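Build the full structure now, drawing on both the sequences and the hints.
There are 2 protein chains.
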Amino acid sequence: MSVMDSAPIRLTQMVKKGGCAAKLPAATLRQTLKDLRLNRPSQLLVGSQSLDDAAVWDLGNGTWLVQTLDFFTPIVDDPFDFGAIAAANALSDIYAMGATPITAMTILGFPAAQLDMALLKPLMDGALDRIHASGACLAGGHSIENDALILGFSVTGIVPEHRAWLNSGARPGDHLILTKPLGTGTLASALKLNQAQEHWVQGAIQSMKTLNDLGPLPDVKVNASTDITGFSLAGHAMQMAQASEVSFHIDAHRLPVLQGAMSCLEDKILNRAHHTNLAYVQDATNANETPEPLKWLLTDPQTSGGLLLSVPGAQSTKLMSLLATGFSEARVIGEVKDKESLSVRFYDGKTQV
Amino acid sequence: MSVMDSAPIRLTQMVKKGGCAAKLPAATLRQTLKDLRLNRPSQLLVGSQSLDDAAVWDLGNGTWLVQTLDFFTPIVDDPFDFGAIAAANALSDIYAMGATPITAMTILGFPAAQLDMALLKPLMDGALDRIHASGACLAGGHSIENDALILGFSVTGIVPEHRAWLNSGARPGDHLILTKPLGTGTLASALKLNQAQEHWVQGAIQSMKTLNDLGPLPDVKVNASTDITGFSLAGHAMQMAQASEVSFHIDAHRLPVLQGAMSCLEDKILNRAHHTNLAYVQDATNANETPEPLKWLLTDPQTSGGLLLSVPGAQSTKLMSLLATGFSEARVIGEVKDKESLSVRFYDGKTQV
Chain A
643 MSVMDSAPIR LTQMVKKGGC AAKLPAATLR QTLKDLRLNR PSQLLVGSQS
693 LDDAAVWDLG NGTWLVQTLD FFTPIVDDPF DFGAIAAANA LSDIYAMGAT
743 PITAMTILGF PAAQLDMALL KPLMDGALDR IHASGACLAG GHSIENDALI
793 LGFSVTGIVP EHRAWLNSGA RPGDHLILTK PLGTGTLASA LKLNQAQEHW
843 VQGAIQSMKT LNDLGPLPDV KVNASTDITG FSLAGHAMQM AQASEVSFHI
893 DAHRLPVLQG AMSCLEDKIL NRAHHTNLAY VQDATNANET PEPLKWLLTD
943 PQTSGGLLLS VPGAQSTKLM SLLATGFSEA RVIGEVKDKE SLSVRFYDGK
993 TQV
Chain B
643 MSVMDSAPIR LTQMVKKGGC AAKLPAATLR QTLKDLRLNR PSQLLVGSQS
693 LDDAAVWDLG NGTWLVQTLD FFTPIVDDPF DFGAIAAANA LSDIYAMGAT
743 PITAMTILGF PAAQLDMALL KPLMDGALDR IHASGACLAG GHSIENDALI
793 LGFSVTGIVP EHRAWLNSGA RPGDHLILTK PLGTGTLASA LKLNQAQEHW
843 VQGAIQSMKT LNDLGPLPDV KVNASTDITG FSLAGHAMQM AQASEVSFHI
893 DAHRLPVLQG AMSCLEDKIL NRAHHTNLAY VQDATNANET PEPLKWLLTD
943 PQTSGGLLLS VPGAQSTKLM SLLATGFSEA RVIGEVKDKE SLSVRFYDGK
993 TQV
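In order, the protein sequence lines correspond to chains A and B. What the first sequence shows, in the numbering used here, is residues 643 to 995, in sequence order. What the second sequence shows, in the numbering used here, is residues 643 to 995, in sequence order.
If you are wondering where the hints come from, they were derived from the structure by calculation, not from laboratory data. Accuracy of the hints is not assured; some may be wrong.
To be verified - Taking lysine-lysine pairs in the DSSO-like style, the calculated list, with each CA pair at most 27 Å apart, reads:
{"#": "1", "chain 1": "B", "residue 1": "937", "chain 2": "B", "residue 2": "981"}
{"#": "2", "chain 1": "B", "residue 1": "676", "chain 2": "A", "residue 2": "763"}
{"#": "3", "chain 1": "A", "residue 1": "863", "chain 2": "A", "residue 2": "979"}
{"#": "4", "chain 1": "A", "residue 1": "981", "chain 2": "A", "residue 2": "863"}
{"#": "5", "chain 1": "A", "residue 1": "937", "chain 2": "A", "residue 2": "992"}
{"#": "6", "chain 1": "A", "residue 1": "676", "chain 2": "B", "residue 2": "763"}
Stated by the list, open to error - Simulated DEER-style distance windows between Cβ atoms:
{"#": "7", "chain 1": "A", "residue 1": "914", "chain 2": "B", "residue 2": "925", "range": "48 to 54 Å"}
{"#": "8", "chain 1": "B", "residue 1": "928", "chain 2": "A", "residue 2": "837", "range": "38 to 44 Å"}
{"#": "9", "chain 1": "B", "residue 1": "676", "chain 2": "A", "residue 2": "777", "range": "23 to 29 Å"}
{"#": "10", "chain 1": "B", "residue 1": "760", "chain 2": "A", "residue 2": "802", "range": "20 to 26 Å"}
Since this is a predicted model, take the numbers as computed values, not measurements. The C-beta atom is built at its ideal place from N, Cα and C for all residues, glycine as well.
Shown next, in the form of structure tokens:
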């Protein structure tokens, strides 16, 4: 199943914005919704004042229920690949909590007037390939007619209380590890514009299909974790640093990058999310002062991006060796400091520490 | 908040099909998806070969997790009302299992180019009004830009194993009780066509906003339950009769009907779902032989419709008295028989028993 097959229909040509780049602007969303009066029962350990985070519900028996949902328009052309990426992306929030996925439910908007409904089969086959690989099962869902193809999943996982990872536990002295390379946002835009080389696209697809399942991590303590998605490395790192009441120093030159992504960013292949992400982080990071094209990598909206892990400095070598097989692009990208004026400071490790 | 306010924007004028009428055709969907190879772990007590049912996961400690999701385009004009209906509709599947809702996550597609994002506030206020009334909390969600406004919720509930209601437990001799009047499909179409009287619309809105929370039902045993939504009374009754391996006899003249609905059906105000629902049930019911306009009431796609309950005949009077306060339109509409050639037989109680 190749994205470059000479198929009559290219999914990415049917939508205005693909993948997590199609999110509503974060800053506007948060502003509009901050006045909502939300109930917060004591069992809801992690909720959300916004519409964009995962939730943790205490089942009361030492087990936490972890719930998240995510959906988007096609980011690649092949239906099997799109289904697989949509599933891996939705499952990612469960892994970001250290939890094990149990059920997934489909969220489907289908343009029945434009697309043959037979396309649902490869689409769902791709999704099931990833859902089953995660150990979860498809338990239901809902579908409507919609002008744009939309696919995603509501996913539930469970985790023993003592093994859960929150995004608020990063401690000064921790090392920051990113498990997947960046660049899916610009590469997806380049694909849509027919400016992406096929091996770039295939590299991005393989990365996006990869489950953020780190496997057992014996003798490694993960202090905090989040997954990098639509709000970019800068946005999600900022959220994690703020939740943990610390600051992150991230060496921009150590960041793992997908093949072709820097070339696309040099060619200014950006989408609106690059700009809204930059606006979102401008008060709490120095992303805006970073030279181009690096600035746009920091704010590149990821679809099914990697985990950002905060682990005690003494354990990062051990964790990196455990990740070597499944996540060969994983890198130590920075460290956690006491809280400073900026939540995240990007620096150029070639010239400065 | 009235649907007939002279607001500059009428949500129903922005979409092609509103509410559950915007579902993909059931028959086509099932046909397309029946070849999917689904994993079925032993904890998944109720799953779905289709994309359209609720799920039950056995937590292993005498408690079941009930999960469902539902979303659709505007069925009414007022954002608060639409939010409230979308939430009540999604919560309904939890009540149909006899469960208690705990968490809801938002599924939002928003046409940011056409609608002021300030509209999100009343939209979510309406949803929260119903979510909080159910005892659940909003725990997260996801939003994207979309040409059509789409709103819905992924909802999770819990129920002690011994108190859960399935749709497979109807027994010969049971009485069938429907808790809400029918007709939201034709009334929503009439509203969109500016052919609905205001008090008709208000009646439908009040019914759709009503939570299917029956409260405690002391000394009443519910043998089976389902909620009536997009696939109509005929479709959902057929599914329940087949799951229970029985047949239903339903007196079409006892059906509760929303004010104005029969008038709209007499005027042939139908949408595509009326026809696809009729096709869906034609081999297993006699809906197609029922005189118009009754035929179209049986196949009218409901949004946030009532529960169809199957209870031992000796207990139906007691249950009806318990429902009298909150569900004044509830009616005993038929009874359960040994399995016959038709899963559901509609008859005219005025002339025949």
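Can you name, in rising order, the numbers of the hints this structure does not satisfy?
-> Numbers 8 and 10, in rising order.
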